[in-house]
Amino acid sequence: MMDKLFTVLVLIGVPISIIGSIFHWPAVIMFIVYCLTIVALASFIGKATESLAIVMGPRIGGLLNATFGNAVELIISIFALKAGLVSIVLASLTGSVLGNLLLVAGLSFFVGGLKFKRQSFDINEARHNAGLLIFAVIVAFVIPEVFTRTMNDRETMILSIGISITLIVLYLAALLFKFVTHRGVYQSEHHADLTKQDEEPEWGKGKALLVLTAATVAVAYVSEHLVDTFDVVGKTFGWSELFIGIIIVAIVGNAAEHASAVIMAYKNKMDVAVEIAVGSTLQVAMFVLPLLVLLSLLFTASMPLIFTWPELISMVTAVLLMIMLTNDGDSNWFDGLVLLAAYVIMGLGFYFV
Amino acid sequence: MMDKLFTVLVLIGVPISIIGSIFHWPAVIMFIVYCLTIVALASFIGKATESLAIVMGPRIGGLLNATFGNAVELIISIFALKAGLVSIVLASLTGSVLGNLLLVAGLSFFVGGLKFKRQSFDINEARHNAGLLIFAVIVAFVIPEVFTRTMNDRETMILSIGISITLIVLYLAALLFKFVTHRGVYQSEHHADLTKQDEEPEWGKGKALLVLTAATVAVAYVSEHLVDTFDVVGKTFGWSELFIGIIIVAIVGNAAEHASAVIMAYKNKMDVAVEIAVGSTLQVAMFVLPLLVLLSLLFTASMPLIFTWPELISMVTAVLLMIMLTNDGDSNWFDGLVLLAAYVIMGLGFYFV
Amino acid sequence: MMDKLFTVLVLIGVPISIIGSIFHWPAVIMFIVYCLTIVALASFIGKATESLAIVMGPRIGGLLNATFGNAVELIISIFALKAGLVSIVLASLTGSVLGNLLLVAGLSFFVGGLKFKRQSFDINEARHNAGLLIFAVIVAFVIPEVFTRTMNDRETMILSIGISITLIVLYLAALLFKFVTHRGVYQSEHHADLTKQDEEPEWGKGKALLVLTAATVAVAYVSEHLVDTFDVVGKTFGWSELFIGIIIVAIVGNAAEHASAVIMAYKNKMDVAVEIAVGSTLQVAMFVLPLLVLLSLLFTASMPLIFTWPELISMVTAVLLMIMLTNDGDSNWFDGLVLLAAYVIMGLGFYFV
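Taken in sequence, the protein lines are chains H, F and D. Heads up: the first sequence is residues 184 to 536, going by our numbering. Heads up: the second sequence is residues 184 to 536, going by our numbering. Heads up: the third sequence is residues 184 to 536, going by our numbering.
Some hints could be false.
Heads up, the list lumps identical chains together, so a pair's fine if it works in one copy or across two of them.
Claimed, not checked - Once the Cα atoms are required to be at most 27 Å apart in a straight line, the calculated DSS-like pairs of lysine-lysine come out as:
no. : residue 1 : residue 2
1   : Lys265    : Lys418
2   : Lys298    : Lys361
3   : Lys361    : Lys450
4   : Lys361    : Lys300
5   : Lys388    : Lys418
Read the hints as simulated data drawn from the structure, not as lab findings. Being a predicted model, the structure only gives us computed values, none of them experimental.
Next comes chain H alone, as it looks inside the complex (with noise of 0.2 Å):
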């Protein structure tokens, strides 16, 4: 039913971004379109990609999924870097770390535990990743904060520079630990039986690639429109550039991957569930935000790994809480409300900021 809805809105959304960007409607309406539209053709591009890589096999398939799980988040970033909008950016990286840790995983949570009293996912997995979300949002995003407070920009920049290298290597190692030297060492036979389900691909190479392909372009051409209405959008609804980043391009960008996730954890796959809220939130620090960090130097503004103390503390609270709630193993609805409160009282904040 919810891939009838997405067909239906990209049959329809991809023209109307068409014409409207050439005829200049307005701003308002537009922006709307574009988030439908890209919503829509994210969860094609989704599609394709798990398609891709049950064909595949597991060690390649993991490479295209860790790549191109945050496809859209990446192509919509670029375009906002190319107009100059470095806050954006990375407020809409914040969002988008919050968005997975807070409300993905609340809602799975919270859906899930509705249904069933407890859920348990893998205890391994989840400290493995528990240690990662500490290095890359604590100790890669917090030092560059303090550090650069008496750095000029150039010295900002390098340090911003030698940073995101780190976190793409470390971010390869991670995959290269998972998929190979380490591949099925920690896991527990109930755990693994539960993944090996649901292999067969939805759709065969060729389709996958075309699909991948021709919605890999709309998301840019809709992207690139998108950016364009941020300014309008902003003033007429009284809504800062931290919210738009934080709360709006973050949501747009992961909505079809959230509705997932959610449907995992009604399905009490657990494992599947927290695999995308936290490997997607890992995937945008460890390798989306670095990429455009380095990206960032093509063109005229360069971005430097600097956030804003908001987003910095909420950030490494939600890291926190998450963990906190995860190194059990075990889920209920109460996790889930603990960490939809925590967004709510984010996006409070961030909307008065």
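We have chain H; now place chains F and D onto it with these hints.
Below, chains F and D without anything else, positioned relative to chain H:
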């Protein structure tokens, strides 16, 4: 024996408090009288609540404990708010959090550990509480301080109100989770047995209600006059408002509860001792404090949810320390000493700040 | 083989250090000579302490290790304090904490992990240490920075002295706990076996005492002259005091110890490797540093317990990362790489700060 002492203290303290307040006896002497009287009255409120809780059954009993457990603090704080002493109220709630987490738990672990080599408590309960401590103290208290730096007073109060409502809703949800939907689900058999002892109420329903009402009225009377002595006492001893709130008011408001936690630890009933220390912390942070923020709207000086940095850092580090020491479900004298040492360091700090 | 190298280094390094210091040879060359000589001498102090510890039995042996384990650092720091280089001393202790937690543990996990797929260590010990790390680094180091912002110098020193005494008392209590009241209580059998090997002392009591005395005197002599070269070396290479302290002095003071931790990891004796890394961190934070604060009262420039924010954030995040990676009692090459990546990021930061 302690019961007799408290009875004598009430029988002497209440009349002296009334006479002294009418004839304006010296503030420093009356400050000591008021403090001792409140400590004794609090023990009666505690016992009456406990008896009622047993009579009413576990669900309503749990709710009763969760509401009246910190009644004394709530009453003192309301009178302090009425007198416009906003920063003393916030400081006394900080003191209550620190006192419960470090002093009460520390003394319990230390005293219990002198008699028993290792003492154990319910690890699931400890983890559940750990998540709530991080949510309340780290997310809900740190976020407003960081976010409101650039906000005006009105926006600061709106954010404070929003967070307070979120905290109370989550506190009620936590009670629903603990007493209704997941009652006993996470409790190991061993610990379930332990907590089922001592189910005989000390007083009948009638007597308990009578004592509760009388003691509450008396606490209210004494608290109103206690608050008036802070100014003179602070100047006489050279204590700052922060120190009076954090160390003095917090200890007075919690002394009776503190004593019973330590006694429970000495009897090797660690689940009860930990429940008093951590449960009381959560009640203050998620119910008393946000309720006071909302009640403050009725008074001339409204109270935002903004702590000072020394208060925040103390609470955050106390929470992290407590979580780290309890997440193995095991305590000993050294764990207690670590918590007490942290309390000493913070006490020293607040004395000079 | 490494023993021979160190013997040669001492036989050549000590005479050159003496001659060079008398004839005022170029500072940069002498800086290198002094550093290498101290590294070699430290290995002799380490071996002598170890031999004595075995001869004297576990209790006094433990005490010996706990006191002389960081003797070299203590000596260098005393001479730096005497020369008024307060911020270099604090920086070198920060560097020692970071070096032990990230570089030593990181290299141990990484090198050990290249040979063994999974390596395990005592989880109870790891948790016990985690509590102390949070106490020492997060409570005792962060509190004074935040609280003293509004204090004058006298109040700052009083608070620093109070915290230092608390730290030393708790350190002694930790030794009492570990070697007397709870010796073996928390140790799993498997790990108790592992640590009982290699109980043959390399040197007899007499030779060990002689070597210890001679090497300590030599380290003292060389350290005194090493400190004098910092100024010229810093200017020549463009290194800040912070960088010299955190990276250079810390590595020199701990190099021998670092090497033996990595060797132990390669032999799959992870308990020993972790004990060296974390035990040494705790010794510096809870004994060497507070002792230096107290000793500084004898010199003209007294040293408060106030680190810079970059130092504090680095230590706090290093502690959180280490705790998260070790609280499962299991390590692998990737855990090591995460710690090393954090060290690289902080090293980059301190270079530019």
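Taking the hints in turn, this is what the structure says about them:
1. Taking identical chains as interchangeable, the C-alpha atoms of Lys265 and Lys418 lie at most 27 Å apart only when both belong to the same chain, with a minimum of 21 Å there against 41 Å between chains.
2. Taking identical chains as interchangeable, the C-alpha atoms of Lys298 and Lys361 lie at most 27 Å apart only when they sit on different chains, with a minimum of 17 Å there against 31 Å within one chain.
3. In this homomeric assembly, Lys361 and Lys450 come within 27 Å of each other (Cα to Cα) both inside a single copy, at 25 Å, and across copies, at 25 Å.
4. Proximity of Lys361 and Lys300 under a CA criterion of 27 Å is satisfied inter-copy only: 13 Å between copies versus 30 Å inside one chain copy.
5. Taking the shortest Cα distances, Lys388 and Lys418 never come within 27 Å of each other, neither inside one copy (45 Å) nor across copies (61 Å).
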